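Colleague: Each chain, written out:
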Amino acid sequence: MEFGGQGGSRRFATLIGLMSLLTARQITHAYRRILGRASPTLLDVDLEVGPGECWGLVGPNGSGKSTLLRILAGVTSPLSGVATVSGAPVGSHRARAACGYAPESIDWPAAMRVQDALGELAALSSVRGVMGRVERVTALLGLAEILPRRFGTLSLGQARRVVIAQALLDDPQLILLDEAFSGLDSLVLHDLLEDLHLRLAGGVGIVLATHRLEDLVGLATHVVVLQGGRVVRHGLAEDILDGLSGRDSLAGLLENRS
Amino acid sequence: MIAASLLVAGVTFRRLVTLRNLALAVTGGLLAGLLALGVPSVTLAHDVLNVLVATIAVLVVFPLAAGLPTSDRLGGYEGLQGVRPVRSVALAFGRVEGSLIAGLLLLLVIAHVAHGVAGLRMVPNQLAGKSEPTTGDGELWRFSVPAGSHGPYRLLVDTHLPFVGAGELEVTTRRSSGEKQQRVTILPVRRHELVVPDLAPNRGDLYVTLTPLGGVVLGAQPPKLEVGERPLSLGVPAFPGSTLARLAFALLVVLAAAHAFHFETACLSGVFALAVTPPQGPVLWTLSFVLLLAFASLGTVLVRRQALP
Numbered sequence: 001m002e003f004g005g006q007g008g009s010r011r012f013a014t015l016i017g018l019m020s021l022l023t024a025r026q027i028t029h030a031y032r033r034i035l036g037r038a039s040p041t042l043l044d045v046d047l048e049v050g051p052g053e054c055w056g057l058v059g060p061n062g063s064g065k066s067t068l069l070r071i072l073a074g075v076t077s078p079l080s081g082v083a084t085v086s087g088a089p090v091g092s093h094r095a096r097a098a099c100g101y102a103p104e105s106i107d108w109p110a111a112m113r114v115q116d117a118l119g120e121l122a123a124l125s126s127v128r129g130v131m132g133r134v135e136r137v138t139a140l141l142g143l144a145e146i147l148p149r150r151f152g153t154l155s156l157g158q159a160r161r162v163v164i165a166q167a168l169l170d171d172p173q174l175i176l177l178d179e180a181f182s183g184l185d186s187l188v189l190h191d192l193l194e195d196l197h198l199r200l201a202g203g204v205g206i207v208l209a210t211h212r213l214e215d216l217v218g219l220a221t222h223v224v225v226l227q228g229g230r231v232v233r234h235g236l237a238e239d240i241l242d243g244l245s246g247r248d249s250l251a252g253l254l255e256n257r258s
Numbered sequence: 259m260i261a262a263s264l265l266v267a268g269v270t271f272r273r274l275v276t277l278r279n280l281a282l283a284v285t286g287g288l289l290a291g292l293l294a295l296g297v298p299s300v301t302l303a304h305d306v307l308n309v310l311v312a313t314i315a316v317l318v319v320f321p322l323a324a325g326l327p328t329s330d331r332l333g334g335y336e337g338l339q340g341v342r343p344v345r346s347v348a349l350a351f352g353r354v355e356g357s358l359i360a361g362l363l364l365l366l367v368i369a370h371v372a373h374g375v376a377g378l379r380m381v382p383n384q385l386a387g388k389s390e391p392t393t394g395d396g397e398l399w400r401f402s403v404p405a406g407s408h409g410p411y412r413l414l415v416d417t418h419l420p421f422v423g424a425g426e427l428e429v430t431t432r433r434s435s436g437e438k439q440q441r442v443t444i445l446p447v448r449r450h451e452l453v454v455p456d457l458a459p460n461r462g463d464l465y466v467t468l469t470p471l472g473g474v475v476l477g478a479q480p481p482k483l484e485v486g487e488r489p490l491s492l493g494v495p496a497f498p499g500s501t502l503a504r505l506a507f508a509l510l511v512v513l514a515a516a517h518a519f520h521f522e523t524a525c526l527s528g529v530f531a532l533a534v535t536p537p538q539g540p541v542l543w544t545l546s547f548v549l550l551l552a553f554a555s556l557g558t559v560l561v562r563r564q565a566l567p
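The listed protein sequences derive, respectively, from chains C and L. Count the first sequence with the numbering used here and you get residues 1 to 258, in order. Count the second sequence with the numbering used here and you get residues 259 to 567, in order.
Just chain L, with the same shape it has in the complex (with noise of 0.2 Å):
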């Protein structure tokens, strides 16, 4: 019984990975990267790069993976497999098995394209500033400033002011033995963009006081500081890794409801399972898995008694 699903994985990872379908996986990849080129704010460009990529990856992977049992059980294979003397839960796992990996395969093609075209963009480099401890009002943060990279800096913070009007922020710069402090308006805005000098030739790590003065309250999320620009995709993962879990949960749902009923359904299906959070920890996927299992194995069952329309 292994071996059989096992050669049935095989032979519908091979139907699924074909020439055909990993030029449609690249296309959508570039597809994506193009469209990630044009945003027009360069903040918003990878969480849009993002978004692309996993709408691109349902619209090329869930038809796929959902049209290879659906088409089969349609045009008639599925009907001469079903007369051979093989379990059913087999069945099941080898077909699930091998489009699940194929599907995951493709999956990372689109997002690896997309980040590779993506990647041609350039946007700023921010470093999130790490905490110090300090014994005076403010807050005292560190950056690590590249050693090739000159300013000023751009220093983005966050602030709210609970009033009408305006308030005052200090900040005080420090790099080895340079110091320079400066005071700025606070208006009544989320975020702030201010200007912090190089402290040239002091060189090493920039550090900076933030102390807000006349009731300006710093935003919970660390400033950040603008050292030059580097590649969209650049150090960060072509895929994050909750937007994989949530696609291959997905993608598990489309294989099994393809096994008990048709192509659009089971497209749906993925569609909603999207707007799930996906299982947390080994414990849960496993459980997951052994029920969609399950269910792709009913389906099965029942297709090869005829006892479903």
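This is chain C alone, in the form it adopts within the complex (with noise of 0.2 Å):
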């Protein structure tokens, strides 16, 4: 079946949007050049991360995680192809309110204090229970000593644990987080896992990039592996991960690609 133009593209977005929480297809991204040509940092990536799945992102630095997890999250814009959030073009007011978003990194403004950097947060997606969702949050990441603390006076591990609160903050349908793990402490990390996995009983999707495989064990189901833009492998995490530890994991799973 083919589909022209953006109207083709929208009804195409909005059928295969049906099926999944989230749909990528053909996803490709190249930073803008005024001379010479751009080289692409995505090509042609598909994705389908259906309700109580986890799919892992992983692949050297550079390879596109990051980039694939912004296009998601509506905050950049792929040079071709189509990705839904819930049958929503990403971007679009349904799929931001359907989608949690984690970056991997945030200057976040020194003299804010948590408190009110997580209210305003909470309050852009909705007004009602801000206060309750803050308390959740706060309670969940071990938050509650560092609320009423300014940005600058954080460590890089306490600035993270607030990155990953405020994506979790209203409690989306689908969970996009970016090297998520690194920096915080086990405790935290532990009830993080415990709380990602009731969501995924819950029937939430969450796409977690990381180039440290570890952090997929036990809690990813798929797992796509990246390479200067392009899909490698894909399919179930057990398959992939399997019998792979250590340090050369990573560059264990690019060897046996084929």
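Simulated from the structure, these hints should not be mistaken for lab results. One or more hints might be untrue.
[To be verified] If we take Cβ atoms under 10 Å as the criterion, some of the chain L residues that face chain C in the derived model are: (1) Arg273; (2) Tyr335; (3) Gly340; (4) Gly486.
[As the list claims (entries may be wrong)] Stretches of chain C that chain L covers, calculated by requiring three or more beta carbons in the stretch to come under 8 Å of a beta carbon on chain L: (5) 73-84; (6) 93-105; (7) 113-120.
[What the hints assert, rightly or not] Beta-carbon label-pair distances, calculated as ranges: (8) L:Thr523 x C:Ala139: 40 to 46 Å; (9) C:Gly152 x L:Thr535: 39 to 45 Å; (10) L:His520 x C:Ala139: 37 to 43 Å; (11) L:Leu332 x C:Val232: 30 to 36 Å; (12) L:Leu560 x C:Ser39: 24 to 30 Å; (13) C:Leu193 x L:Leu332: 28 to 34 Å.
This structure is a prediction, so every number in the text was calculated from the model and none was measured. Ideal placement from N, C-alpha and C gives every residue a C-beta, glycine not left out.
Using the supplied hints, reconstruct the complex from the two chains, each of which is provided in its own coordinate frame.
Modeller: See the structure below:
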């Protein structure tokens, strides 16, 4: 079946969106250049995340994991391809409402208080139950002590916890996590993983970009391996991660990609 | 949408009106006030104070207002706001509204502190004459001299001499039943300082008749009578309405520009806006506000779509 033009793309997006939480088809991205050819950061990437699935995006630095997550969150536009969240094109009001996104790094405004940031971000989604939602993620990520503090006084790990907290604020149907677990202490990580498992059991979908395979063990149901912007392997996590451990695991994945 | 934008406005206001920023505004006001204390000419002190307050306000408030949205964009916080299901116009309105109110508050803090400090300086208390009808050739001016003020008084008169040489001015001072007439020579200078008697024990308003002789022309400004001294800030608004309107308009321009452009561009556009006559009347003000808000919203939309560099 062929879909021509923008209207066709939208119909296509609606149709495939009915079947899954997240669908990405033929996503290609390249950074704009005024002169010369832009080298693609992503090339024809397909991804489909259903309810209760956790997809791990793995690959070395510069493989396009973060760019793909940014496209799925609606922060960056792809050069071509279609992506939908719960049937709505990414970047649309509905897709934004269904999505929680934790980028890899944020320079929080140094003079801003943590509680102000979480309160504001929660209210931008919905003004109903702002305090309740903030309290819930505060308890989950152990933020109670740092709530009144300014970001300028937080450690990197504490600021990282706030990044994850804001992604979970609105109980999204789809959670996009970029290198979410680096910098977290083991206690917080344990609680967070437990919460993510509960969310998965409740039908939430997760896309987790990481270059550490151990982050995926026990959590990911599927794995996509990216290299140079292309998908080099994909499949069930147990098939791909089986037998891979240690510091050479990622290299092993890339070597055995055939 | 309204509730979300009000909440954004509240958070923005709180982020701008911090203890540190208030301390910065107070320091700026202190600096302007102290500099005004050092102006050698007492007649210029008030004008200089207004210029200093406006300059310090621009240096303190514009960067703070422009810095908030631009640093949020660079740091990525705006990206976290942008992935939320909120309309760009609500986001822009909340941020512009909160920043504008906070910016105006900081402007007023600077102005009041400056006036408080500069108020320590005593300047001549000048009373502008009120024109009275007269049957003679000259001009009759009335001065409401305060009860406790004793003369003789200095009278400042603007004159014009349309030829080379000298003319004469007849000055008749009357107070209650007392009267004194004097003639002074007028040279080709713009302002003359004359001394008029107290006419004690007569009290009440002082009436001065100025009759130019020999081709002397009186200036358009009413004469002024100096009756003692007063603190610089007494009886003068901390911020003249026209200056406040000009700065508020420029601040709005800074905020609108900061939603689309870089920090430096936003600050510079505010400086350019200071050179423009601010909108006159509520209709033009509303129209300007709506247009600049639309510009800020457009900037927010483009930033959210990564359409701006």
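Colleague: Would you mind marking each hint as holding or not holding in the structure?
Modeller: Status of the hints after comparison with the structure:
1. Arg273: Holds: closest Cβ of chain C sits about 6 Å from L:Arg273, inside 10 Å.
2. Tyr335: Hint holds; L:Tyr335 Cβ to chain C Cβ min 6 Å, cut 10 Å.
3. Gly340: 7 Å, holds
4. Gly486: It is violated, given that the least Cβ distance between L:Gly486 and chain C is near 48 Å, above 10 Å.
5. 73-84: Our answer is that it holds, as 5 residues pass the Cβ test (under 8 Å) against chain L, meeting three.
6. 93-105: Satisfied; 8 residues make the cut.
7. 113-120: holds (count 4)
8. L:Thr523 x C:Ala139: 40 to 46 Å: 43 Å, holds
9. C:Gly152 x L:Thr535: 39 to 45 Å: With Cβ atoms ~41 Å apart, the hint holds.
10. L:His520 x C:Ala139: 37 to 43 Å: Roughly 40 Å apart at Cβ, these two residues keep to the hinted range, so it holds.
11. L:Leu332 x C:Val232: 30 to 36 Å: Because 34 Å falls inside the window, the suggested range holds.
12. L:Leu560 x C:Ser39: 24 to 30 Å: Distance hint for L:Leu560, C:Ser39 holds at roughly 25 Å.
13. C:Leu193 x L:Leu332: 28 to 34 Å: Holds: the Cβ-Cβ distance is about 32 Å, inside 28 to 34 Å.
Going through the hint list in order, the structure does not satisfy hint 4, though it satisfies all others.
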